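J.: The primary structure of each chain is shown beneath.
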Amino acid sequence: MNTPDTTASEHTRGSSRITPPTTGGEASILGLGAYRPRRLVSNEQLVERIDSTDQWIRSRSGIVTRRFADEDETVAAMSVAASRQALAEGGIDAGQLDCVIVATVSHLLQTPSVAAQITHELGATPAAAFDVSAACAGFCYGVSLAADMVRAGSARHVLVIGVERLSDLLDLTDRSTAFIFADGAGAAIVGPSDEPGIGPVVWGSDGERFDLIRQETPWPVDPDPGEEPDPDSHKGAHVLRMEGGPVFRWASFEMAKVAQRTLEATGLTVDDLDLFVPHQANMRITDLMARALGLPPHVVIARDIAEQGNTSAASVPLALRRLVDDGSAHSGDLALLIAFGAGLAYAAQVVRMP
Amino acid sequence: MASTEEIRTDLAEIVNEVAGVDADDVQMDKSFVDDLDVDSLSMVEVVVAAEEKFGVSIPDDEVKNLKTVGDAVAFIERAQG
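Protein sequences appear in the order of chains Z and D.
All letters in the first sequence, in the order written, are residues 1 to 354 by my numbering.
All letters in the second sequence, in the order written, are residues 1 to 81 by my numbering.
I should point out that these hints are in silico values taken from the structure, not numbers from a laboratory.
Here the structure is a predicted model, which is why all the values come from computation and not from measurement.
There's no promise every hint is true.
Unchecked claim - Cross-link-like lysine to aspartate or glutamate pairs, in silico, EDC-like; alpha carbons within 20 Å at most:
#1 D:K53 x D:D34
#2 D:K53 x Z:E254
#3 D:K64 x D:D39
#4 Z:K257 x D:E51
#5 Z:K257 x D:E52
#6 D:K30 x D:E13
#7 D:K64 x Z:E243
#8 D:K64 x Z:D174
#9 D:K67 x Z:E243
#10 Z:K257 x D:D60
#11 D:K64 x Z:D211
Required output: the full structure, derived from the provided sequences and hints.
T.: Structure follows, in C-alpha cells:
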C-alpha cells in the first residue's frame, strides 16, 4: 500500500484556519520632509558643453537653477535628512515606523536595498525596508503602497522616500538631458487617520515605450580594466538618455487624462482642489497639463522645477515641501499628485495636506 | 475633403495659437524651426492640435519628418485621404 498512513496522528491536511491580519483604518500623510543639496548649479555653468544659452534652457524647461549633490550628500545621507524632517513634522519617532519604502533609480548599488541602510541610520530597525524602481513615478507608487499597508493593517506608520543623485548618471554634453536632471530627497510619513487622507490611486505602465527614457547600458558585470571612459561623457556609458519630443507629448497630453481620471475616481472636480503638484519634469508640461485640466485660478500649481530642476522620484515631495514652506499650502488642503516617467510608468492620487 | 489651402489656413491658425506666429507667415515653404521659430516642444503641441483638428493620427516617428509647413500639409492630406 503506497498511500500515507493517516491513522498515526489527528492531523488533517489544510484543515486549520489562518488568522487574518488585523485590518487598519484610513490613511493620511502625517509629515513631509525635504533635503536640497548644497551646491547650486546655474544654467550658465552648463551651457558651454551643450552649446546653449540660459534663455534657451529657460524657454524649453522653465529651469533657472538646480542642485547637484556633493560627495558626502549620498542617496542615504540625503534620505536620512529628509526623513528626519518628515518624522519631526509628523510627530512620529523613528521607532514607530513599520516600513520604509525608498523610490530611486540612482542608488548605484543594486543590492542590498538602500532602504535597509536608511532604516538602520534612522534608528527604525527592524522596520521592513525595500526600494521601488518606478523612476519619476516612484514617490506616488510608494505613497499608494504605504496607504494600502496602513489601510490593510500590515503597517501602522510607513516612511516613503523619493531620492535621486541623477548627476551621477548625467552626460553633461547631452542637450536633451544635461540641463534637466538634478539631485535631492523628499520624504513623507504615511500613517493612520480618522478621515481618508489619501485617495484611490490611478496608475499604470507602458513597457512598449521602455526606451523613451532609459539608462543607456547596463552596469558592467565584468568591466574591461583597459576601457577608457569617454572624456566628454564624464560617467562613461551608463548615462540617462531621453527622447524629448515623444516624452513631452506623452507627459503633457496623456498624463492630463490620467489626472482627470484620478479626480473622477476620488469623487472630486478641479474646483475642489487647492494644490496641483505634478512631477516636476518640465514647466511646459506642467502648464499644458494645467490647461488641459482647466484648473481654476485658486489652485496653486507647484513650480519647484524652476529652482530644483527635475529630481525624478524626489520631485513631488520636494515640491510639496516648498509649498508648505512658502505658505502656499495649508494643513487640510487637497492636493492632486501625479508622477510619470521611465518605464513608462505613472501614478496619481489626491492627498490631504498634513 | 478639405483643400490644400484650407488645411494650410487651419494649420496656420494652430501655429498662431500655440507659438504666437503671425498666421500669414505660415506659408508652405516655411520651416517650422528655422523660419517660424517654432521649437521642438511647441511643434509637439502643434501636432497634437492638428490631430484633433484634422481627425488624423501623426505618430512620434513622423513628427521629425515634418520640417516645413508644406510637409505637414502634405502629411495631413495623405492621412485624410
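J.: Take the hints in turn and mark each one as holding or not.
T.: Hints, one by one, checked against the model:
{"no.": "1", "hint": "D:K53 x D:D34", "in the structure": "violated (24 Å)"}
{"no.": "2", "hint": "D:K53 x Z:E254", "in the structure": "holds (17 Å)"}
{"no.": "3", "hint": "D:K64 x D:D39", "in the structure": "holds (12 Å)"}
{"no.": "4", "hint": "Z:K257 x D:E51", "in the structure": "holds (16 Å)"}
{"no.": "5", "hint": "Z:K257 x D:E52", "in the structure": "holds (15 Å)"}
{"no.": "6", "hint": "D:K30 x D:E13", "in the structure": "holds (15 Å)"}
{"no.": "7", "hint": "D:K64 x Z:E243", "in the structure": "holds (12 Å)"}
{"no.": "8", "hint": "D:K64 x Z:D174", "in the structure": "holds (19 Å)"}
{"no.": "9", "hint": "D:K67 x Z:E243", "in the structure": "holds (18 Å)"}
{"no.": "10", "hint": "Z:K257 x D:D60", "in the structure": "holds (19 Å)"}
{"no.": "11", "hint": "D:K64 x Z:D211", "in the structure": "holds (17 Å)"}
Going through the hint list in order, the structure does not satisfy hint 1, though it satisfies all others.
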